[in-house]
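Since the structure of chain S is already known, use the hints to place chain L on it.
Quick mapping for you: the protein sequence lines, in order, are chains S and L. Taken in order, the first sequence gives residues 789 to 937; the numbers are from the working numbering. Taken in order, the second sequence gives residues 789 to 937; the numbers are from the working numbering.
What the hints contain is simulated information worked out from the structure, not anything from laboratory work. Mixed in with the good hints there might be a few duds.
One copy or any two copies: either way a pair holds, since identical chains are not told apart in the list.
[Stated by the list, open to error] Below, simulated DSS-like cross-link-like pairs (lysine-lysine); rule was C-alpha separation at most 30 Å, straight line:
(1) Lys-910 to Lys-927
(2) Lys-906 to Lys-933
(3) Lys-933 to Lys-910
(4) Lys-906 to Lys-888
(5) Lys-906 to Lys-894
(6) Lys-910 to Lys-894
(7) Lys-927 to Lys-812
(8) Lys-800 to Lys-894
(9) Lys-910 to Lys-801
(10) Lys-906 to Lys-927
(11) Lys-812 to Lys-801
(12) Lys-894 to Lys-812
(13) Lys-801 to Lys-888
Protein chains: 2
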Amino acid sequence: MINPFDDTYFMKKALQEAEAAFEKGEVPVGAVIVVENRIIARAHNLTERLNDVTAHAEMQAITAAANFLGGKYLHNCTLYVTLEPCQMCAGALYWSQISKIVYAAKDVDRGFVAMGTKIHPKTELQSGVLEEEASEILKRFFIQKRNLN
Amino acid sequence: MINPFDDTYFMKKALQEAEAAFEKGEVPVGAVIVVENRIIARAHNLTERLNDVTAHAEMQAITAAANFLGGKYLHNCTLYVTLEPCQMCAGALYWSQISKIVYAAKDVDRGFVAMGTKIHPKTELQSGVLEEEASEILKRFFIQKRNLN
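Okay, chain S solo, but in the shape it has when bound (with noise of 0.2 Å):
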C-alpha cells in the first residue's frame, strides 16, 4: 500500500503556508508540525503584521502545537519547513527538544548552519525536500518587492 504521508505530501503544506504569507506581503515562508501523520499545527511568516521579529513561521507552529498538546515538549513531532531555520528558530527548537526538522531551502547566509545554531542532540535534521519550489517562491516575493519599490 502506498502511504500518502510523506515528507513531500508534509512539505507541500507547509509551502501551502508560505503561499498565504506571500499573499500578505510577508517573506514567504511556512511551516507545519505534524505527530503521527497528523498536522497539529499551521503557521506562516507574520512579523511585518504582527510588527514582530519573532513572529516567524516556526516560533508561531512551536507556540500552537505545545499549546495542542498540553506540554511544552515536541516529543514525537516532525516540523516542515519551507526555509532553513534562523537562530532564534533553532534556539526555540532546541528548547522544544523536538524528535525531527525537515526543511526545504537552504538559508546560506542566516540559516542555523552558517550561524553555528545548537540543535538538540535528540533532533534528527532532514533537508532539500521541494527545496526548488520553496526557493522559487521566495525569489518570486524578492522580485516583486524589488518591482515595486
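This is chain L only, laid out in the frame that chain S set:
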C-alpha cells in the same frame, strides 16, 4: 545632579520581574526594555504557566516593546535582563537590531556566549550589573525546587 536612572536602577526593575516569576514557580528571569530612561516593556519567564518554550522573559519583552513602538526594530532601546540570553533570545535580539543588551548573571552552559550565537553588529553588550543578586535568586529557586521534589 545625580541621575537616578542608571543601569543598576533598571536592572533592579528586571529583578522585580524575576521575583514575580519565582512566585509563580517559574525559573526566575526578568527583563525590561528601556527607551530614554522610560520602561516600555516588562516581562518575566512564563514557560511553565504557558507550556511554551518560547515564553522567555526577553521574547515577551521584545514583542511588547515592538507593540509599544509600533515598529519591529528596537533601535535606541536597551534590554535589561537578569540572566544571559539563550540562543533563541539572542537570535530574536539579533533580528530586532536592539541598541544595547545589559545582562546580570552569566549562563555558562546555555547562554549565547558559550553557544556562539551571533549578536547584531549594531548591538552593544554589557554584563555583570547586579550579577550577584540575579545569581542568588536563581540559586534560591533551584534549592527550593530540589527540596520540594
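Taking the hints in turn, this is what the structure says about them:
Taking CA atoms no more than 30 Å apart as the test, Lys-910 paired with Lys-927 passes between copies only; the shortest distance there is 28 Å, against 33 Å inside one copy. Taking identical chains as interchangeable, the C-alpha atoms of Lys-906 and Lys-933 lie at most 30 Å apart only when they sit on different chains, with a minimum of 28 Å there against 33 Å within one chain. When the C-alpha separation of Lys-933 and Lys-910 is checked against a cutoff of 30 Å, the pair qualifies only between copies, where the shortest distance is 26 Å, while the shortest distance within a copy is 39 Å. In this homomeric assembly, Lys-906 and Lys-888 come within 30 Å of each other (Cα to Cα) both inside a single copy, at 14 Å, and across copies, at 24 Å.
Both within a single protomer and between protomers do Lys-906 and Lys-894 lie at most 30 Å apart by alpha-carbon distance, with minima of 16 Å and 18 Å respectively. In this assembly of identical chains, the alpha carbons of Lys-910 and Lys-894 lie at most 30 Å apart whether taken from the same copy (21 Å) or from different copies (26 Å). For the homomeric pair Lys-927 and Lys-812, the shortest alpha-carbon distance inside one copy (16 Å) is at most 30 Å, but the shortest distance between copies (46 Å) is not. In this assembly of identical chains, the alpha carbons of Lys-800 and Lys-894 lie at most 30 Å apart only when taken from the same copy (16 Å versus 42 Å across copies).
For a Cα distance limit of 30 Å, the shortest separation of Lys-910 from Lys-801 inside one copy, 25 Å, qualifies, whereas the shortest one across copies, 37 Å, does not. In the homo-oligomer, the alpha carbons of Lys-906 and Lys-927 lie at most 30 Å apart both inside one protomer (28 Å) and across protomers (26 Å), since each shortest distance falls under that limit. Taking the shortest alpha-carbon separations for Lys-812 and Lys-801, only the intra-copy value of 17 Å comes in at or below 30 Å, while the best inter-copy value is 38 Å. Proximity of Lys-894 and Lys-812 under a CA criterion of 30 Å is satisfied intra-copy only: 23 Å inside one chain copy versus 40 Å between copies.
In this homomeric assembly, Lys-801 and Lys-888 come within 30 Å of each other (Cα to Cα) only inside a single copy, at 17 Å, whereas the closest approach across copies is 39 Å.
Violation of the numbered hints given earlier is absent; every hint is satisfied by the structure.
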